[in-house]
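Colleague: Sequence:
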Amino acid sequence: MRKAVIASVLMGAAAIGSAGVASADTALALKAGTLGVGAELSIGMTEKLNLRLGYAFFDYSATLEDTDVTYDAELQLRNPSAMLAWHPFAGGFHFSVGAVGASTKVVGVGVPTANSYFINGNTYNAAQVGKVDATIEASNSIAPYVGIGWGNPVDTDGRWTVLFDIGAVYYGSKPDVVAVATCGATLPSQLCTRLQTDIAAERQQLIDEVDTLTWYPVINLGLAFKF
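Residues in the sequence shown are numbered from 1 upward in steps of one, following my numbering.
Since the hints were derived computationally from the structure, they do not count as laboratory data.
Please note: incorrect hints may appear among the correct ones.
To be verified - In silico SDA-like pairs for lysine to any residue, Cα to Cα no more than 20 Å straight-line: (1) K131 x V111; (2) K105 x K48; (3) K131 x T70; (4) K174 x S116; (5) K131 x T67; (6) K48 x T123; (7) K48 x V162; (8) K131 x V178; (9) K105 x V162; (10) K131 x K48; (11) K105 x T67; (12) K131 x L191; (13) K131 x F118; (14) K105 x A62; (15) K105 x T212; (16) K131 x C192; (17) K131 x C183; (18) K105 x T70; (19) K105 x N140; (20) K174 x T135; (21) K105 x A185.
Unchecked claim - What follows is a list of derived Cβ distance ranges for each label pair: (22) D176 x E65: 17 to 27 Å; (23) T123 x T34: 29 to 39 Å; (24) Y170 x T123: 38 to 48 Å; (25) A62 x V178: 14 to 24 Å; (26) V178 x T34: 19 to 29 Å; (27) L221 x G121: 19 to 29 Å; (28) W150 x Q196: 50 to 60 Å; (29) A39 x E137: 17 to 27 Å.
All of these numbers come straight from a predicted model, not from anything done at the bench.
Built from N, CA and C at the ideal position, the CB exists for glycine as well.
Build the full structure now, drawing on both the sequences and the hints.
Modeller: Spelled out as structure tokens, the structure:
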């Protein structure tokens, strides 16, 4: 079903475009926003409809302290996209619908405090714990997008166009969360068993923190050049 979203966008673009192409102009834009930094190709299908194909990426490092464990975390954005931009008034204003490849994840490495991990009310000597890691990623590899914006790079008298878009990606379900703690060779077996129970509780804390992230806000600003 997720693959059908992009297929429907592309098939719809082809059908409408073949019905009456007003412009074969193309434009390439550099864009930056909450999906990352990247490029987007716009193809004029009709006077009011453009096909937009893009890719954005970005890595951002931060410290997460929302649960018992403190993480050195990295947000990894990898987002291909395919959209239709409809300009109802044949001007800059447009509605956009399409799909985004939601290859977004957060990778966290646990950082001990005072040479100890405090997990679920219990303290573990960091020297006796191999590692504490967590990963949060979108559960759907393809997600629908809807938004509005300004700028039509293939229908302008000049070569350059400033683009602005605001919308949201709908992930549809809660992110997948994995939390792992390994037992060091010197950690007693009974503490190792308790550690696995505690890391399961840590995972639930992470789930509680992100369980409302079914929508991801999108704001993009770009500059396009028409060929």
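Colleague: For a quick check of understanding: which of the numbered hints are violated here, in increasing order?
Modeller: Violated hints (numbers, rising): 2, 4, 6, 9, 10, 21 and 27; every other hint is consistent with the structure.
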